[in-house]
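Undergrad: In this text, residue positions in the sequence shown follow the numbering used here: the first is 10, and each later residue adds one.
These are computed hints drawn from the structure, not numbers from a lab. Nothing false has been slipped in among the hints.
Quick list of the computed label-pair ranges, beta carbon to beta carbon:
1) 91 x 23: 17 to 25 Å
2) 110 x 44: 38 to 46 Å
3) 84 x 42: 37 to 45 Å
4) 93 x 128: 16 to 24 Å
C-beta: ideal position from N, C-alpha, C; glycine also.
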Amino acid sequence: MAGTVIYEAHPAMFRASPFYFILCVLLIAVFGLGIILLLYWYLKCQATSLTVTDHELLYEKGILSKERLAVALRHVRSVQVNQSFLNRIFGVGEVIIATAGDEPEFSVGELPEPHEVREAISRAQASQLDD
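Work out the full structure, taking the sequences as your base and the hints as a guide.
TA: Written out as structure tokens, the structure is:
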């Protein structure tokens, strides 16, 4: 990954799914099942990231096997943010990145403050135009 990191985020756990979190905590009494679920969920969230640099977007996901996707900022045509009512209350949402193709390039769900991602991409694209 080349360039200066402008924004980096991992999906949120509690804020994205508070009812699932509470269920996992309640399941701790059932043979530690809740701990296993929480540990897997935590690792999955930490293994997924969206990074905005001054030249590209880098999306990584996967615990044992990694999937990495890099998109140059000059190819990003639109950034869509989807938030349900509960997502807006908890400050999380889905960010969808689209390039010139018909289908979106990728989407990342449960990101904290998704509008900050959109603004970071806009700032990085504007700084590229200034150079």
